[in-house]
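Colleague: If you read the protein sequences in the order shown, they are chains A and B.
Here this note's numbering runs 788 ahead of the position in the first sequence, where the first position is 1.
Here this note's numbering runs 788 ahead of the position in the second sequence, where the first position is 1.
One or more hints might be untrue.
The list treats identical chains as one, so a pair stands whether inside a single copy or across any two.
[What the hints assert, rightly or not] Here are the simulated DMTMM-like pairs of lysine to aspartate or glutamate, each with C-alpha atoms no more than 25 Å apart in a straight line:
no.	residue 1	residue 2
1	K861	E953
2	K986	D1123
3	K861	E959
4	K861	D814
Just so you know, the hints here were simulated from the structure itself, not pulled from any lab data.
Source: prediction; values computed, not measured.
What follows is each chain in one-letter form.
2 protein chains.
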Amino acid sequence: MTHVDELLLDDITLGSAILGSGGGGDPYIGLLLARSAIQSHGAVQLTPLNCVPDDALVAFIASIGAPGVLIEKLPRTEDAVDALAMLSHHLRQDITHLCPIEAGGLNAVIPFGPAAIMGLPVIDADGMGRAFPGLDMVTPTLNGGTSTPMAFADEHGNRSLLLTETNAWSETLGRVSTVASGCTQFFASYPMTGRQAKQWLIDAPLSRAARLGRIVRSARAEHRSPVDAVLAQEGGIRLLDGKVVSVERRNEGGFTLGEAVIEGTGAHAGSTLRLKFQNEYLIAERDGRAVGTTPDILATLEIETGEPIMAEDIRYGYRVATIGLPCDDRWRTTDGIELVGPRRFGYDVDYRPVEGGARE
Amino acid sequence: MTHVDELLLDDITLGSAILGSGGGGDPYIGLLLARSAIQSHGAVQLTPLNCVPDDALVAFIASIGAPGVLIEKLPRTEDAVDALAMLSHHLRQDITHLCPIEAGGLNAVIPFGPAAIMGLPVIDADGMGRAFPGLDMVTPTLNGGTSTPMAFADEHGNRSLLLTETNAWSETLGRVSTVASGCTQFFASYPMTGRQAKQWLIDAPLSRAARLGRIVRSARAEHRSPVDAVLAQEGGIRLLDGKVVSVERRNEGGFTLGEAVIEGTGAHAGSTLRLKFQNEYLIAERDGRAVGTTPDILATLEIETGEPIMAEDIRYGYRVATIGLPCDDRWRTTDGIELVGPRRFGYDVDYRPVEGGARE
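Taking the hints into account, I'd like the entire structure generated from these sequences.
Modeller: Set out below in structure tokens:
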């Protein structure tokens, strides 16, 4: 067991921005909420996945909505507590453990706020190992786990509960309700037993995020390259060092869609990387060839500081390194590729593991 | 107590189409559903409002959606039963009495289906005394009654439950969920005690509908004018007899919006009536002056048969009488006019009781 204090929270926040593959919402907003709750209510226990009792009642607690809106309206952690209460009321059972739905971006740290208030532990596990734009895009879906009952709480005091026939329906209905509520809500979902959590979830992504955060911070302090440090630690692939020369971005149906073009510098001079995003960076195309594809993690780091740059923030002039980090093996199965591979997002490209594709 | 059999159901259906003010959905679809449930499960008890016990648990059960869609996809009464079960599950209490939310159109008879299946009585009361396009536009809203918890069931097997801060939020969130679900759902709403029902609801609108239906049917059988018979019985105002010469209609946000133009014939030759609708007929403007305004009921009847013509069906060539019937007195208060008067629908016209306005 680890107690998550403010320092560890800082590391997780930085690391989860890298695991977010450019999406998942600004984790610093999650940090503000979690820090404030921990200051008021004390540190939160981080429980390893294998220590969760079989009969625990586990739920994901997360935010849903347009990342840009969160920056303008800081959500209230009490709404996350209300979403969990609504889920418990329907189940007629207390939730015993909170878990992030995704270890990438904002939602990696969101559970720490309600966990501090409710005195519940957070599990070092998640349903993505990164960030994805759909609430059905989680490893429980691969295992037949159901997303509902799923409870929502918006900033206006509205609460709702869904029971859907498929996890894709939860995404559809949850999304329209979020847009109608002003583009941001908290939701508590995928209630599962401890036994199911141990079978279904990705293990230790918060530890991975914390390690990534620590590595970047140490490299900065010691004036080493944070990008090199991350690659050495994570077995990642350097896809391109360069300068952002153009960005095309639009908002559609609550998603941030577009493409950034990066011109290579140094060893990559003469090469061009096109980074396509739908909230997350999903496809990296170097000189016309896909060298990184979803579900692998495509992080774009500011080259000097290692600071991850989100798809909603990337702009002309940034000097960046785009790196590929392998996704969890569960995403590399046929079912995994069908749920979160390139064609799921409308790209006419086959998935190729980033370790292989980049070296060909 | 009355037992509602198929004959009485026929009368209520015809009369509720008149009370629908041109909207509320085709009541013959509700009739098909109710008739089928009554054939399988037996007649339904119609309970007078003043006979409902104070400690009863009353709920509205109704359909929501684009009326046109219902014609193409007949809803399943079992989904209405599921919506009620979802509401009961949340309340942890059995619903004892069902009630129509509106006595106009389809929803007047919708409760008889689930009532037959569940063996529950239907109350001779409603929340509108007519039909309105918004689920917040009910007399409980005038009395501080809350629309939620409100449970929805769609044809795909999805269920949802809302707890909103205002009844207007229920309308907003219920509407987007309905559009996303394919434009039709059942919903169970406004749970209230018997004591509240007796204070809040409009009394005996189903009896009024049955009476209207009987009058039209008798007049037809006896070769008298059904329009004259309705006016004599209900104290209504004849606004114009004429021929429909043009109709402009569009679908917007799940609503049927537009205007029909009727040129007077006989005693009304030379006059023109513009009938403006948003699902329901809301404004009747004769020769440039508003002679009938929401919340009064503006029914348009085929002149020979007295058959009510809905806003979604009215078209060039129909020979019609447009009549005004007074709404319930509760709608004529300041709060009532604010909730369902002309300005609520964006018309820059003051409400004037149809008995007065037409005679000036």
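Colleague: For each hint, tell me whether it holds in the structure or not.
Modeller: Results for each hint:
| no. | hint | verdict |
| --- | --- | --- |
| 1 | K861 with E953 | between (32 Å within a copy, 19 Å between copies) |
| 2 | K986 with D1123 | within (19 Å within a copy, 56 Å between copies) |
| 3 | K861 with E959 | both (23 Å within a copy, 24 Å between copies) |
| 4 | K861 with D814 | within (13 Å within a copy, 44 Å between copies) |
Checked against the numbered hints above, the structure violates none of them.
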